[in-house]
Amino acid sequence: MNPVEDKILLSHGNGGRMMHNLIENLFLKYFANPILNEQTDAAILPANTADIAFTTDSFVIDPLFFPGGNIGKLAVCGTVNDLAVSGADPLYLSVSFIIEEGFSMKELELIVSSLADEARNARVTIVTGDTKVVNKGKCDKLFINTAGIGSVRKENRFVSKARDIKPGDIILINGAIGDHGMAVMSARESFNFKSPVISDCASLNHLIREILDQTVSVKFMRDPTRGGVATVLNELTGKTGFGIEIDESALPISRGVAAMCEILGFDPLHIANEGKVIIVAGHEEADKILTVMKKNILGGKSAIIGRVTGDHPGKVALKTETGGRRIIDTLTGDPLPRIC
Amino acid sequence: MQYLTEFRNKDIILALSEEVKRISTKEITLMEVCGGHTMAIHRFGIHSLLPPTIRLISGPGCPVCVSSQHFLDAAIAYSKIPGVVITTYGDLIRVPGSVSSLEKENAAGRDIRIIYSPLEALEIAGKNPEKQVIFPGIGFETTAPATAATIVEAKKAKLQNFFVLSAHKVMPPVMKALVNEGVKIDGFIAPGHVSAITGTAIYNDLADVFKLGVVVTGFEPVDLMQAILMLVRQFESGLPKVEIQYQRVVQSEGNKIAQGFLSQVFELKDDRWRGLGIIPKSGLKIRNEFSFFDAEKNFNVTVPEPADPKGCICGSILRGLKTPNDCSLFAKVCTPSFPVGACMVSGEGNCAAFYKYRL
Chain A
121 MNPVEDKILL SHGNGGRMMH NLIENLFLKY FANPILNEQT DAAILPANTA DIAFTTDSFV
181 IDPLFFPGGN IGKLAVCGTV NDLAVSGADP LYLSVSFIIE EGFSMKELEL IVSSLADEAR
241 NARVTIVTGD TKVVNKGKCD KLFINTAGIG SVRKENRFVS KARDIKPGDI ILINGAIGDH
301 GMAVMSARES FNFKSPVISD CASLNHLIRE ILDQTVSVKF MRDPTRGGVA TVLNELTGKT
361 GFGIEIDESA LPISRGVAAM CEILGFDPLH IANEGKVIIV AGHEEADKIL TVMKKNILGG
421 KSAIIGRVTG DHPGKVALKT ETGGRRIIDT LTGDPLPRIC
Chain B
954 MQYLTEFRNK DIILALSEEV KRISTKEITL MEVCGGHTMA IHRFGIHSLL PPTIRLISGP
1014 GCPVCVSSQH FLDAAIAYSK IPGVVITTYG DLIRVPGSVS SLEKENAAGR DIRIIYSPLE
1074 ALEIAGKNPE KQVIFPGIGF ETTAPATAAT IVEAKKAKLQ NFFVLSAHKV MPPVMKALVN
1134 EGVKIDGFIA PGHVSAITGT AIYNDLADVF KLGVVVTGFE PVDLMQAILM LVRQFESGLP
1194 KVEIQYQRVV QSEGNKIAQG FLSQVFELKD DRWRGLGIIP KSGLKIRNEF SFFDAEKNFN
1254 VTVPEPADPK GCICGSILRG LKTPNDCSLF AKVCTPSFPV GACMVSGEGN CAAFYKYRL
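Protein sequences, first through last, are from chains A and B.
Numbering follows the numbering used here, in which position 73 of the first sequence is assigned residue number 193; successive positions increment by one, without gaps.
Numbering follows the numbering used here, in which position 261 of the second sequence is assigned residue number 1214; successive positions increment by one, without gaps.
Everything labelled a hint here was simulated from the structure, so no lab data went into it.
One should not assume that every hint holds.
Sample of chain A residues lacking proximity to chain B, with all beta carbon distances greater than 10 Å (derived) [as the list claims (entries may be wrong)]:
1. Leu146
2. Ile318
3. Asp407
Chain A is nowhere near these chain B residues, computed Cβ spacing over 12 Å in every case [said to hold, decoys possible]:
4. Ala1030
5. Glu1189
6. Leu1192
7. Lys1222
8. Pro1233
9. Pro1262
10. Thr1276
11. Val1286
Examples of chain B residues toward chain A, derived with CB under 8 Å [to be verified]:
12. Leu957
13. Arg961
14. Lys963
15. Ile966
16. Leu967
17. His995
18. Arg996
19. Phe997
20. Gly998
21. Ile999
22. Ser1001
23. Leu1002
24. Pro1174
25. Lys1309
26. Tyr1310
27. Arg1311
Ideal Cβ placement from N, Cα and C applies to all residues, glycine included.
For reference, chain A alone in the conformation it holds in the complex:
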């Protein structure tokens, strides 16, 4: 790369030589593969007879870098996880960048390289993309959109559709909740206290593949991102009409997240995760699934956190550590820090 180009200029997005250089010298350097190298307007993908899962997600996170990751890694994990929880094996990604004029080339490279690392990690191929540079002030540093395609095996077509859910089914999660949201919050400039919390940002497709390969009773999977675990559980009660009971003492929460939530007045159940999956399965296989999850590096702290119930239809209840019971509601708007 030309050393004088240490900042993104509007001409990096104009379709001309500068943009060509950016693609050749940065994006292809990290993303190169036979399909992408063709540089056609649309990628031509070898087809098979399986069903196809297709999703897209845009990433506008502030700050771009946070403990445990950055917007690049997140852009892969987010889309890969959306495919994986749908029962698909993620295969191909598109990556589109909207870059603010003046953005640091060095930071862009850091982001692009970790995006490529995470794609390798998840074993997905980046096959197409787009770059736009906008005038200063027209976007906040860098936005990324990724779209993803995955293939769905016949036997996994319904694993996320919440079919056949019934009272007695078990709810599992693959580890501690709230880490991503709190890590991002603590990385914000205006935040004056340091915390040891690290984002859980990770691609879950390998973990989910292992579960689906070894068991047959998964009835629902969802990654509890924005809105947290509470939002996913409430969607599920809405969908099934049954109630859900969560056992507070079984919920894995790190000390750092618990402490930050206490200080800021947040409920960890409302905080975003980027490397967690909630699974609903028949109770007969619960222990088996838990064993599979615990063996995976992303599931060491997996736990059975609750169950589907015929009581309080349509509502999610929390059995508190203190022996009381309360409702877990969907979050309204972003969580805001409170004063007392």
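The hints should help you fit chain B onto chain A, whose structure is shown.
Using the frame of chain A, we list chain B on its own:
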């Protein structure tokens, strides 16, 4: 001791619950004054641990709820002045004023920033000398000293562009006003963080003159259950007094340094409480020596006195006379997404707590 789990110990809570059930013979109504307590009581399911003799009612201790709509309309009006930055606690962002909210004004392009401490507002003022930075101060004796200390700092730093719009209030006058109004209360669960600043003498009248028990309490379930036990004991023995349950934080004389800041910067004024009207000497206004930092004295902003929203019974709820279920708007027209009254919009509001946690 790491303070995250010990005060949520199930065995201790259940033992306290058993003891309360054992000794409680007479019907008793206890008011938890503080919004933080209301939230904790719902969040930890305390109601389900009490015998039917005990009734808990929620008081007027949620700073957002009791801040008048007029104050909010004013904060919104200030945000519209060119060059003004509003720096605010997150609590105020979504509270509806008469026609708008700070959140909506932010979307409309006003410069509104969420801060965690008023000292951040000073920093913003220092870095942006061309802007006028206004901090709408809300809260009781708990948050007011931080505002006061910030004003003192601003004076030291000779800042020309930092201002406070004070809606700070003090706790005891409203508690006495409720008792004087005839609201049935047999004892108060008093906010621990207020007494961490003020000490406990502020409640002596309530015990000596009004013969009501007051127990200063923390915010964990063990704290609350123990405070309830202490109040029931007092009530059953007929010996009301002021006691501190929250001994790991509160000392009877309070925090002298914080008290010093409060009296240096603020003086008492008659103040308007949402739903409760004007209560004598219940609010804090900035003393003349610091008027340079008083937003009201440095900007020419007047907003009309708004009418309370139709059908909303926040006033009765803040008095502990009614519960959210008595309100025809509750959970139908008035929800956390579309709050009508302040008790719903604040995370500490009684209606929000009911909506959020009641099974």
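Evaluated hints:
1. Leu146: holds, 34 Å
2. Ile318: holds, 19 Å
3. Asp407: At roughly 25 Å from the nearest Cβ of chain B, Asp407(A) sits farther out than 10 Å, so the non-interface label holds.
4. Ala1030: Correct as stated: the minimum Cβ-Cβ distance to chain A is 22 Å, above 12 Å.
5. Glu1189: At about 24 Å from chain A, Glu1189(B) clears the 12 Å cut-off, so the statement holds.
6. Leu1192: holds, 29 Å
7. Lys1222: Label holds. Min Cβ-Cβ 21 Å, cutoff 12 Å.
8. Pro1233: holds, 24 Å
9. Pro1262: holds, 19 Å
10. Thr1276: The assertion about Thr1276(B) holds, with a minimum of 16 Å to chain A.
11. Val1286: holds, 15 Å
12. Leu957: holds, 5 Å
13. Arg961: Result: holds, 5 Å to nearest chain A Cβ.
14. Lys963: holds, 5 Å
15. Ile966: Result: holds, 5 Å to nearest chain A Cβ.
16. Leu967: Leu967(B) check passes; min Cβ-Cβ to chain A is 6 Å, inside 8 Å.
17. His995: Hint on His995(B): holds, closest Cβ of chain A at ~6 Å, below 8 Å.
18. Arg996: Result: holds, 6 Å to nearest chain A Cβ.
19. Phe997: Holds. Min distance 5 Å.
20. Gly998: holds, 2 Å
21. Ile999: Holds - the Cβ of Ile999(B) comes within 8 Å of chain A, reaching about 6 Å at its closest.
22. Ser1001: holds, 5 Å
23. Leu1002: It holds, given that the least Cβ distance between Leu1002(B) and chain A is near 6 Å, below 8 Å.
24. Pro1174: Status holds, d = 4 Å.
25. Lys1309: holds, 5 Å
26. Tyr1310: holds, 4 Å
27. Arg1311: Holds, because the Cβ-Cβ distance from Arg1311(B) to chain A comes to roughly 6 Å (cut-off 8 Å).
Checked against the numbered hints given earlier, the structure satisfies every one of them.
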